[in-house]
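Peer 1: Work the whole structure out from these sequences, hints included.
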Amino acid sequence: HDPGVLQLIVPAAQWKRRLFNGLAQVIVEATGQPGIISLTATSTGLEPATALLSHHVVLPKVFGDNMVLQRNIPIPIWGHANPGAVIMATLGKATVTTKADQQGNWMLHFPKLPAGGPYILAISEQGRPESKIEFKNILIGDVWLASGQSNMEFQVQQAKNAAQEMSNAYYPEIRLLLVGQDKRLTPQTDIHTAGWKPADSNNVKQFSAAAFFFARKIYAQQQVPIGIIQSTWGGTPVQAWTSKEKLLSSSITRNAALANDTLTENNFLQDSINQGRFWDIVNHPQNNADKRIPMPEYNDSGWNKVDMPRLIKDFGIGPYQGIIWLRKKLMLPDTFDGRSLTLDLGRPEMCYSLYFNGVEICKDVWNAAPQHIYTIPAAIVRKGENTIAIRMAMLWGGGGLNSPAENLYLTDGKTKISLAGEWLYKKDLEPLPLIHNYQYYPDVLFNGMISPLIPYSITGFLWYQGEANDTEAYNYRKMFPMLITDWRQRWQRGDLPFLFVQLANFKARKPHPAESEWAELREAQAMALSLPQTAMACTIDIGEGDNIHYADKQDVGLRLALAAAKLVYHQNTIASGPTFKTYKVQGDRIRIRFTNTASGLTTKDGKPVTGFAIAGEDRHFYWAEAKITGDEVIIHSDKVPAPEAVRYAWADNPDCNLSNSASLPAVPFRTDDWPGLTEPKK
Numbered sequence: 118h119d120p121g122v123l124q125l126i127v128p129a130a131q132w133k134r135r136l137f138n139g140l141a142q143v144i145v146e147a148t149g150q151p152g153i154i155s156l157t158a159t160s161t162g163l164e165p166a167t168a169l170l171s172h173h174v175v176l177p178k179v180f181g182d183n184m185v186l187q188r189n190i191p192i193p194i195w196g197h198a199n200p201g202a203v204i205m206a207t208l209g210k211a212t213v214t215t216k217a218d219q220q221g222n223w224m225l226h227f228p229k230l231p232a233g234g235p236y237i238l239a240i241s242e243q244g245r246p247e248s249k250i251e252f253k254n255i256l257i258g259d260v261w262l263a264s265g266q267s268n269m270e271f272q273v274q275q276a277k278n279a280a281q282e283m284s285n286a287y288y289p290e291i292r293l294l295l296v297g298q299d300k301r302l303t304p305q306t307d308i309h310t311a312g313w314k315p316a317d318s319n320n321v322k323q324f325s326a327a328a329f330f331f332a333r334k335i336y337a338q339q340q341v342p343i344g345i346i347q348s349t350w351g352g353t354p355v356q357a358w359t360s361k362e363k364l365l366s367s368s369i370t371r372n373a374a375l376a377n378d379t380l381t382e383n384n385f386l387q388d389s390i391n392q393g394r395f396w397d398i399v400n401h402p403q404n405n406a407d408k409r410i411p412m413p414e415y416n417d418s419g420w421n422k423v424d425m426p427r428l429i430k431d432f433g434i435g436p437y438q439g440i441i442w443l444r445k446k447l448m449l450p451d452t453f454d455g456r457s458l459t460l461d462l463g464r465p466e467m468c469y470s471l472y473f474n475g476v477e478i479c480k481d482v483w484n485a486a487p488q489h490i491y492t493i494p495a496a497i498v499r500k501g502e503n504t505i506a507i508r509m510a511m512l513w514g515g516g517g518l519n520s521p522a523e524n525l526y527l528t529d530g531k532t533k534i535s536l537a538g539e540w541l542y543k544k545d546l547e548p549l550p551l552i553h554n555y556q557y558y559p560d561v562l563f564n565g566m567i568s569p570l571i572p573y574s575i576t577g578f579l580w581y582q583g584e585a586n587d588t589e590a591y592n593y594r595k596m597f598p599m600l601i602t603d604w605r606q607r608w609q610r611g612d613l614p615f616l617f618v619q620l621a622n623f624k625a626r627k628p629h630p631a632e633s634e635w636a637e638l639r640e641a642q643a644m645a646l647s648l649p650q651t652a653m654a655c656t657i658d659i660g661e662g663d664n665i666h667y668a669d670k671q672d673v674g675l676r677l678a679l680a681a682a683k684l685v686y687h688q689n690t691i692a693s694g695p696t697f698k699t700y701k702v703q704g705d706r707i708r709i710r711f712t713n714t715a716s717g718l719t720t721k722d723g724k725p726v727t728g729f730a731i732a733g734e735d736r737h738f739y740w741a742e743a744k745i746t747g748d749e750v751i752i753h754s755d756k757v758p759a760p761e762a763v764r765y766a767w768a769d770n771p772d773c774n775l776s777n778s779a780s781l782p783a784v785p786f787r788t789d790d791w792p793g794l795t796e797p798k799k
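Numbering of the sequence shown is given in the numbering used here, commencing with residue 118 and proceeding in unit increments.
Simulated from the structure, these hints should not be mistaken for laboratory data.
Just to be clear, a hint being listed does not mean it is correct.
List of simulated lysine-lysine pairs, DSS-like, C-alpha gap at most 30 Å [unchecked claim]:
| no. | residue 1 | residue 2 |
| --- | --- | --- |
| 1 | K756 | K698 |
| 2 | K480 | K408 |
| 3 | K229 | K334 |
| 4 | K253 | K216 |
| 5 | K500 | K543 |
| 6 | K683 | K595 |
| 7 | K799 | K744 |
| 8 | K210 | K229 |
Peer 2: Take a look at the structure:
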């Protein structure tokens with residue numbers, strides 16, 4: 118009965134069943150509140166069980182010191198106490214009481230408060246002063262929930278000008294809460310980690326760059342405290358963030374949602390163990406592979422041949438995830454003897470280590486590194502034949518060396534030797550365990566990372582996601598609005614503002630107009646603007662072709678802030694680039710009219726307009742000449758005498774430059790509705 122002491126009496130038969138079952142796991146986790154210990158037991162065939170011993174009032178971890186509560190609306194506070202207990206809560210001058218139900222659950226609402234603070238929130242059971250808890254340094258302002266996959270998760274310390282951004286970060290009235298990553302089969306009532314933190318040089322470094330730069334801009338504009346709740350997980354599809362009930366409402370997602378019924382928490386446990394082993398192998402060569410395989414004398418006679426540069430999807434071996442070793446022998450001219458050399462790997466994809474004549478040159482370098490150029494010491498350079506080896510993790514469908522071939526070479530500063538051409542490779546020398554990545558499964562992240570936040574009062578949502586759904590872009594037209602309406606319905610605050618980022622430019626640039634999954638996903642995102650109280654930040658001009666995690670998150674935050682300024686704070690501002698309105702065919706030309714042109718259309722680089730393609734009845738697109746005339750652009754091509762359709766920035770990584778006078782890029786669009794790559798076959 119003492120705080121921090123748990124006495125648990127369990128029938129012996131059940132205890133043995135749980136303790137000695139080969140897969141049984143007993144996890145005891147302190148909740149962080151005095152006198153509270155939560156015991157969770159999981160074992161094969163048993164649902165997770167939680168025992169809660171409480172001498173105090175308990176609040177979910179979304180509440181805490183330094184938090185920001187939403188201004189100008191009734192403020193919900195909820196938690197757990199002894200069944201039937203009368204709960205007394207004080208915030209500033211307001212005192213509110215409520216009664217816990219038979220399960221000990223309670224909720225109360227403070228009256229509306231304007232922006233300000235700091236306040237203390239004090240809560241206790243009536244007549245039991247020892248149950249009192251307090252949260253200090255609370256501010257009242259605007260709270261935003263930032264969610265999505267890796268480009269929302271991308272940290273300040275990874276962003277452009279990171280050192281300067283972190284050193285200048287001192288915003289005591291911007292507060293950040295990072296929700297721990299947690300996948301669950303049923304909706305949870307509490308988040309995995311806790312702790313609101315002021316935005317200072319130390320706290321911002323691991324926080325969402327896009328969300329922080331957004332908060333900084335809104336704070337400068339509105340001069341009210343800003344709270345950001347970050348709930349993100351890289352690589353995850355929209356279905357993982359949507360509730361099971363909503364997924365069951367659509368034929369597109371119903372079957373996948375029902376398939377989760379076959380899972381238990383033990384599936385997650387085993388997968389977590391496998392993932393630990395998986396990443397250990399990715400980062401640490403097994404069985405001295407790094408001491409044997411890179412050596413010049415290693416026997417690679419049975420290895421497969423591949424022309425490099427090439428990505429794993431073009432190896433001809435089908436989908437593969439694992440470690441691949443690559444080797445290449447090359448003859449060096451006598452002029453290289455005794456000299457340090459420079460080796461350029463061009464644009465590798467995924468994580469790799471490089472070896473020269475058996476010597477490790479670099480270890481575990483990710484493709485996001487600013488450069489992939491290395492010095493080969495003169496002491497390890499041999500006359501005649503030399504051996505280069507690469508250990509590469511092929512992950513998530515990616516991996517290999519990107520073109521162009523001219524970026525792959527070895528040089529002494531005068532003479533270049535191409536490393537393109539034939540290499541040898543071997544897979545499965547270091548087998549990786551099978552992992553399921555259950556965080557990608559339907560509704561599991563909603564259950565673990567969104568449900569526990571409801572109904573914490575917020576101004577609205579920030580969303581950056583879509584890359585993981587590129588192959589099902591057509592269905593994203595329905596799945597994305599499903600998520601938006603799902604979250605709004607559960608917060609029960611009407612059409613809460615939903616601001617989202619359209620996918621940036623990425624992947625190799627193609628020389629001719631072509632179909633594009635990413636273009637179709639951007640189109641699906643833009644279609645969600647038909648829902649009320651939505652706004653989109655177009656980023657088609659700030660991505661990096663060879664890096665899905667581009668560094669310029671300052672502009673992402675700025676463009677989201679522009680959208681919020683107009684939609685939420687009702688400022689008269691230009692919040693979007695030129696947006697397609699109408700088109701008209703006139704002979705061999707098509708005239709496109711735009712909205713959101715500000716003071717007029719222009720090009721961002723001052724050069725002639727690029728990015729338009731035109732097609733006739735045969736549906737074959739050609740690059741078009743484009744001329745700005747007022748709020749219109751006139752399109753034509755000598756190869757299309759009878760045009761029917763126009764597309765703009767319709768590519769993974771388009772070469773496009775149309776903008777408005779506010780330097781905001783034109784939103785990609787097409788005038789046709791011809792079937793694309795992701796539309797299901799009828």
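Peer 1: Does the alpha-carbon distance linking K756 and K698 stay inside the 30 Å limit?
Peer 2: This hinted pair holds, its Cα atoms lying about 25 Å apart.
Peer 1: Regarding the pair K480 and K408, is the alpha-carbon distance no greater than 30 Å?
Peer 2: Roughly 13 Å separates the two Cα atoms, so the pair holds.
Peer 1: Are the Cα positions of K229 and K334 separated by 30 Å at most?
Peer 2: holds, 25 Å
Peer 1: K500 and K543 were given as a pair; does the straight-line alpha-carbon distance stay at or below 30 Å?
Peer 2: holds, 27 Å
Peer 1: Would the hint linking K253 and K216 be met if the CA-CA limit is 30 Å?
Peer 2: holds, 24 Å
Peer 1: Does K229 lie within 30 Å of K210 when you go C-alpha to C-alpha?
Peer 2: holds, 12 Å
Peer 1: Checking one constraint from the list: CA of K799 to CA of K744, max 30 Å. Satisfied?
Peer 2: violated, 39 Å
Peer 1: Check the hint pairing K683 with K595 against an upper bound of 30 Å on the C-alpha distance.
Peer 2: Holds, at about 26 Å.
Violated hint: 7 only; the structure is consistent with all others.
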